[in-house]
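Q: Given next are the chains, with one letter for each unit.
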Amino acid sequence: MTSTLSRLPALVPPPVDLPPRAAELRAQVRAFLAAEREAGAWSPRADVWLSGWDERFTKELGRRGWLGMTIPTGYGGGGATPLDRYVVTEELLAAGAPVAAHWVADRQIGPTLMRFGTEEQRQKFLPGIAAGEVYFGIGMSEPDSGSDLASVRTKAEKVDGGWELTGTKVWTSGAHQAHAFFALARSAPKDDTNRHAGLSQFIVDLHAPGVQIRPIPIITGAHHFNEVVFDHVVIPDSMVLGEIGSGWHQVTSELAFERSGPERFLSTYPLLAALIGELTAGPVDAGTRRQVGALVSRVWALRRMSLAIAGALESGEAPELAAAVVKDLGTRYENEVVDAARLFVATPPDPGAPDGFARLLADAIQHAPGFTLRGGTNEVLRGIVARGMGLR
Amino acid sequence: MNTELTELAESVFADAASSDTGFDAKLWKTLEETGLARLTLPGDSGGSEASFADAAIVLSAAGAHAARVPLVETDMQAGWLLTSAGIPIPDGPLTLAAGDLDIARTHERASGTLHRVPWARSAGIVMLAGDSVLLFDPAGLTVTDGSNVAEEPRDTVTVDGAVTAASIGDHAGTELRLRGALGRACLIAGAARGALASSVQYAGERVQFGRPIGKLQAIQQMLALAASEVAAAGAATEAAARAADADGMLGAQFAIASAKARASQAAGEVARIAHQVHGAIGFTREYDLRLVTTRLWAWRDEDGSEAEWNDVVGTMALEAGADGLWPLITGTP
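So the sequence lines, in the order shown, correspond to chains G and C. Mapped onto my numbering, the consecutive letters of the first sequence carry residue numbers 1057 to 1448. Mapped onto my numbering, the consecutive letters of the second sequence carry residue numbers 142 to 474.
The following block holds chain C by itself, in its conformation from the complex (with noise of 0.2 Å):
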């Protein structure tokens, strides 16, 4: 473990931390004063060239104190799209638009709509297309604002204007989603932790029946149910990310999507019992702990749905056969 990055990383979030909503810019200038803006990225486009285990640290303080930037989107997502397909990264936040998009486009322009883009309205939009990397000029862009159910900007963008593209290789679409699928995990697994850390404070201090709650023992039972999901949500984007840096994001296909889908199946258990232990007042506004059980039922859902990455486990699980599952889960066939 890399103490001292751990306890950056802590302490830049944790400074950051409050319940507004929307980009939070005084946050993004020291992450990108601290090199943790573009942390995995090549040095010559502005970054720190760190592992993705290094990453998996920075995302899960970013997570557990519900981060008000786009990280993911700018150093795992954009800005190696950029770096790969050649094109110089921009200044600032970056975000990536993918999916169900309608876009027509030549060499220098393009137009369309893109569909709930992270952070739109305060980032650059890149975009893979094909085998075609895009960076949109903010000049013909027209954004309408949308959000996903933790108040993040989702937003709708009208596309009509210029366009820097280059080529990109073979199977960058799959990395993208992997890249994805990893950065998204590491935040639930870091918000997840955020819950429990809050709910076993909440347990001893309300006081109930003459005592804190915390000394019942079924809420003991329950704050114990969750911590076990924190764990196993923490080995496994711990694991995946040391997976994609030993064998590269396609190597550690399985690895990534087996810790998708853990860690959002952990992130439904965890804010549920967040919320049974906090009592009434969690389902308030003024109260904090929505910040990071409303991100969990987004995240759990984002960069490939639970759904999604459960039926990739699964395909992959049922094409192995029922002696190809244990090369399969050891990663030795």
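If we strip away everything but chain G, and leave its shape as in the complex, we get (with noise of 0.2 Å):
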């Protein structure tokens, strides 16, 4: 078994143990949610990072320091480190608190920017993002393009002085209300023998002309997603991010971030905290308060193999494998989180209910299909985690 055991890939990167500093800025958060929640200014929801878009809510942790933490400071960021972010964001989400109109831009522009963005992109976007006032939207997907990302068709060609783009992305979210978003799209013929090769981003201004943004209702009929059709857009040098031919590259090293967050296993969480006020409004019988437990050591299990993520981040790496394990494990979470409540709570789900048990149900039911699909299928995780064992 011995040389079997060593070939098995680490799983997850070595614990870490957050900074004392991190207690303090825990407390400062708790504090202004519990202020917010105090003032009614919003009721906690499930899927938040999704749904609860309120550029209010976003400016104020702008002003507070609270987006862009890990943008240094001479680009209006907070300097701080992916662990300093991750307590924030952790809190927002158990919170329930609207967090999506800096989702995207907060989490993953900010430190591609950092990473292959141009010293005028960075001062173009990272003040307005660590003020919440700038937003952005994922541009990847395309409607024959999903899980197969390198497939994509939107097609960027050399015009003089830029690149005109022609295509479309579907499932942005956020894209009616956002700035801007990053665009994968192919800038030189398909290469059948290397795949991934003549991919390139470009940071494309939404409001742009020839750019038209098209409502995708989800189930719920609510307005997250959006088509994206790009006719002839040109988008001028300077927008391009990172290297022409380096698409590939720059959105798997997105990925890491996008796939390994609190996010990933916290969608339900206010669900969670609702069903223990559900239950302990009354006397609690042996086996449910058992399975109870294994819901909960479920989810404290999860944020330690996230912020093992978070910790293997700060220190440069970008631990793909252990981000798509933590994602599968994290999203099927989420689910089981619904099927708890549903099962030892006897109350239907109610999307009418302003807020409470019921509705937060309603809502989760109805947004669970996505928590398995975005961010890449929890069945194409899964071929990550194969490969890396050396299966394929």
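Incorrect hints may have been included.
Quick look at which bits of chain C chain G covers, simulated, 3 or more residues with Cβ under 8 Å [as the list claims (entries may be wrong)]:
| # | region |
| --- | --- |
| 1 | 211–219 |
| 2 | 255–266 |
| 3 | 319–329 |
| 4 | 402–414 |
What follows is a set of in silico ranges between Cβ atoms, one per label pair, in the way DEER data are often shown [to be verified]:
| # | chain 1 | residue 1 | chain 2 | residue 2 | range |
| --- | --- | --- | --- | --- | --- |
| 5 | G | Thr1308 | C | Gln358 | 15 to 25 Å |
| 6 | G | Glu1094 | C | Gly253 | 51 to 61 Å |
| 7 | C | Gly409 | G | Pro1065 | 42 to 52 Å |
| 8 | G | Pro1065 | C | Glu292 | 26 to 36 Å |
| 9 | G | Arg1448 | C | Ile422 | 18 to 28 Å |
| 10 | C | Leu391 | G | Asp1073 | 13 to 23 Å |
| 11 | C | Thr315 | G | Gly1333 | 21 to 31 Å |
| 12 | G | Pro1065 | C | Val290 | 29 to 39 Å |
| 13 | C | Asp429 | G | Asp1395 | 30 to 40 Å |
Quick partial rundown of chain G residues pointing at chain C, CB under 8 Å, derived from the structure [as the list claims (entries may be wrong)]:
| # | residue |
| --- | --- |
| 14 | Pro1076 |
| 15 | Ala1079 |
| 16 | Ser1309 |
| 17 | Arg1359 |
Rather than coming from a laboratory, the hints here were simulated on the basis of the structure. Quick reminder that beta carbons are idealized off the backbone N, C-alpha and C, glycines included.
Using the hints, put the two standalone chains together into the complex.
A: Here is the structure:
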């Protein structure tokens, strides 16, 4: 068994502890959230990072230095670490606070601009991201390119002074309210021997001439997703992100940030808390208590795994395999919470309720299909894990 | 991570791996020589004064290679009890008798019956009775063999003889229970890793339909699910061990209870997938997969069953209530 065991890859980075200053930061965030709730500014909701668009709230966070925390101070950021940011984001998600407006910009646009952006691009976008005033979407998927991202067909053709984009992006959350997104496009003809070559990323102003944004309502009828159509949209050379032809490498390094964060297991946390609230209103039998314990032990373990990845990101690593593991396990967990809530409490879901258990349950049920699809389907992620173990 | 210790532990336990049953005296000698046998105990008790994070590394390796030694019992339970009570530690492996005991005692003699004592036939027996730590004189013991589902000794011991007794402070029982749970969870995390490694290896070798079964997406998906369980068990136990180092056993109660519960949940899932991937050969006595899967089945319900630790976590969560749950999970009130 020796050689077998040593061939197994490390599935999670080594554990980390939060720095002592994290406790103070956490206390500040909790005090702010308590005051917001006291004032009735919003009600806790499930899946807030998709559906909770609240620009006032986002600007409040920016004012307090809780957006763009890892962006250097010279660009208006906090000059803090990924673990500091982790503390703030997990507190916001656990509280069910409306974080959708800044979510993509804060999570992956800021770090990606720091990694691949030009000085001009950083100056242009980072201060606004950190202030909670500039919002971004994601421009990866297309009608015929979902899990198979390398098959994107949006075409970028070189023109004088820039690139002309033609094609369609889909599932872009918040495109109708955001300022810009990173579009992944094919800048050189497809090479069947190297599918990942010839892809590039462009920073697209969503208000530019030739950009059309159409809603794609989700099951509930709510408008979060959009189709973004480019009809000969000219992108100046100064808005090419990173290197022409390096789009694949850039996108995959963005994914380690996208897949391992607390939003991959906390989308239904407000429902779990409400479930505990419902249960404590009366007597709890041993069987239910044990199942609650199992459920709580699982979210505790997920958090430790996700924190370990944040620690690895902090040391400059991009643990792709571990991020895939957390996202697979975490998004299935989000569904487990929904089932537990249904089975332990006999209150039916009520999408018309203003807040509380019945509303959280309704939202969670209706949003659940997205959990295991967005950011790479769980089946594709398991393929990444299988490859990491040498099976593919 | 302590790379040197990881390599030492992997090599020591890999060298000893075999499909035999019963106490592995040769391995125990090596563990004593390398300082791994009493890893976390103080130096004047013959220990190596290592952290629980280090113990997690060693126990995970022991679990992965199905080591046949009472490491948790000697180092984390019985050795700690004796040291805390000021009783000199006898040579050789030790074990802990606990739970449902019927024992009458004076200060120097005891009689009664101890049930399901791990490795009793091969180890010095220690127990906590109220606020007293007892070390039994082997001359007064009669051992009847028993086992768990992994064929590890879980013996019945009839006691009628001399004991060494000393008192111990409050909370010893709670701490002892947490120590057992932490140690057992680390063993589970290791055994789960061992079962996954065997399954990945087997899927790469077993050819059906003209190719290794590991090339089939159905198998790849199953093994990825097992990998996520192994990852969860590993991360949970490492985090709990660090919590015990930082906050003490009692301070780390929620982390340890959660880690034992989570590792036990992983145990069942990983064993199930490992057997499914191996097909019928894994279900045979001749094949070594059983060494780790039977341990997963046994250990998930030892040192507190999966149900008991789920209950501890559930009770803490319900006591915390809707608003207190998040502070409990983050360990920050």
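Q: Are there hints from earlier that the structure breaks, and if so, what are their numbers?
A: Checked against the structure, the hints that fail are numbers 1, 2, 3, 7, 14, 16, while the rest are satisfied.
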